[in-house]
Amino acid sequence: MAVVATSPSTAQTLLTARGRLRRRAIVDRVATALMALSALAGVIVLLLILIYSAINGLPALDLAFFTERPLPPGEVGGGVAPAILGTIEMLVVAALIGVPIGMGTAIYLAEYGRGSFARTVSFLIDLIAGLPSIVIGVFVWTWLVRHVVGHYNGLAGSVALAVIMIPIVTRTVEETLRLVPDPLREASLALGIPRWKTILRVVLPTARAGIITGVVLSIARAGGETAPLLLTALGNQFFSYDLLQPMAALPVQIYTYARSPYADWQVKAWGAALILIVLIGALSLLSRWVVARRLGHS
Amino acid sequence: MMMTHKQLEPADQPQAPPQNPPAFEAAVVEPAPSRQPGPRVTVSDLSAWYGERQAIAAVALDIAPRQVTAIIGPSGCGKSTLIRCLNRMHEVTPGAHAKGTVELNGVNIYAPNVDPVQVRRVVGMVFQKPNPFPMMTIFDNVVAGLLLQGGASKRELEEMAEQALRQAALFDEVKDVWKKASGASLSGGQQQRLCIARTLAVRPEVILMDEPCSALDPIATYRIEELIGRLKAEFTIVIVTHNMQQASRVSDFTAFMLAEEDRIGRLVEFGPTARIFTNPTKQRTEDYITGRFG
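So the sequences go chain by chain: A and B.
Counting along the first sequence from 1, when you hit position 261 you're at 261 in the working numbering, and nothing is skipped either side.
Counting along the second sequence from 1, when you hit position 255 you're at 1255 in the working numbering, and nothing is skipped either side.
The set of hints was computed from the structure by calculation and includes no laboratory data.
Built from N, CA and C at the ideal position, the CB exists for glycine as well.
Each statement offered as a hint is correct.
If we take Cβ atoms under 10 Å as the criterion, some of the chain A residues that face chain B in the derived model are:
(1) R114
(2) P181
(3) R185
(4) E186
(5) A187
(6) S188
(7) L189
(8) I193
(9) K197
(10) R201
(11) R208
Have a look at the derived ranges for each label pair, beta carbon to beta carbon:
(12) A:Y112 / B:R1263: 28 to 36 Å
(13) A:W196 / B:N1243: 33 to 41 Å
(14) A:G104 / B:V1117: 18 to 26 Å
(15) A:R24 / B:A1215: 35 to 43 Å
(16) B:G1188 / A:L286: 35 to 43 Å
(17) B:R1053 / A:G104: 32 to 40 Å
(18) A:Y112 / B:R1053: 20 to 28 Å
(19) A:W196 / B:R1053: 28 to 36 Å
Far from chain B by the CB rule (all over 12 Å, computed), these chain A residues:
(20) R18
(21) G19
(22) A25
(23) V27
(24) A41
(25) V43
(26) A54
(27) P59
(28) F117
(29) H147
(30) G150
(31) T213
(32) L279
Please build the complete structure, drawing on both the sequences and the hints.
Shown next, in the form of structure tokens:
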């Protein structure tokens, strides 16, 4: 170690360093390759799902598929329009319930919450996030389907989806709010702007991109849920926009069609799956576009 | 326009905390003569804590109206804590609290019936790192504090924003883009002048600056210092600075703070800048000024 001063040993040090450098370069390449491979694996799975759904589902897509109601078993034709509309309606209602609650919880946890109550809330949110969605379905079924309304209904479906959305909105929005630098809050407070207005006018707009992402993520997640809807909204072969009646939904329709023995229904299941993917993908793209546009504007 | 005020003699000063009287001598405090009318800030027996840890103890000083008062001292001496106590920003930090009195024109801002939000509208603050609101345009940044008071029309807001930007010597540089460009698109020095404009727009009486130039290059620093020189005609200014040359250039009065082994900051000496820098009373002040430590 005490060899720094003389030149031959310096050369030696450099040589050993070169050996180590080569080893590091190899490790670096292997690690990079492994990570690229995992990324590729994820993308390939996604592409396979997309391509496979497209190949199997595209034949089902005709005008009737989007405009007509499902036909009784054995009859060829009809569509899944009630399910598309039902999914959209239930998701909108679920978002109206779940997003404000999730946002409020996130703002409380990130901006105000301290002490044991905040820790308890935070823990419970994690707990809800970890609940199997079927459990949420059973809970809402017991409460809203059996006791309050008395039969399967779309509102119960929306409530179940909202419960699934709440922890997702809360966690993503909370994380985003925590990323907003404190100096911005201080700048606003120092202008004599009250805390609540600071949050509304400075913190939330700064975190806008993350908030929109969180909301879209939660809608996407809820949009694909099947189990709780089987217990709450049930599904419906007819057009119905009444939240207090059974309501059709794409995932439920896919479930019913996919396990049916009829070839026509199985193709329609693929078609419905494709529509679901496209709906959620479009929502996600739309939100990105909105965020990018607003950012570019300011 | 003479304004009489209570002359603070060293004998009037609150003594160091009783638990350790021998260790710390009382600060030498030379009264700040009030040649100017205007907002006066009088600090007495001010202590502040972060949780359990005390950051400053028994600070007392009398800040002259429409003059620049610099607070200098080595890192960790509590100068930022002190300045943040002057508009109740200290308590924004979780767990932080302060005791003592800070009188603004005779009103104790720590009195129980005083709303800290109102205090901050009268005592504005500029921070170390320029912190314009990134999602707002330059114009929106300037009027951010004004909007909450409401009542102003779009045209009035524009006029007030333009006036504040002119006062902050920024208007000519941004007038073509101020309605479109984000506050974050400006250079560091411009951002800091934008933050000053934003503070001025609320029409405070006192402006606190917490190391406003430490993130800026020399030219931007020069422009801010020049600006401070002009602003003191209207505002009472308190500036925390690491840079002693800056203190001697911009300030009329200087307070020297120091934290000894207990890491609690205390005021060591306070007086006219010219005297503090040429003929300090305390040995510690002289040591610091001459660069022997810190």
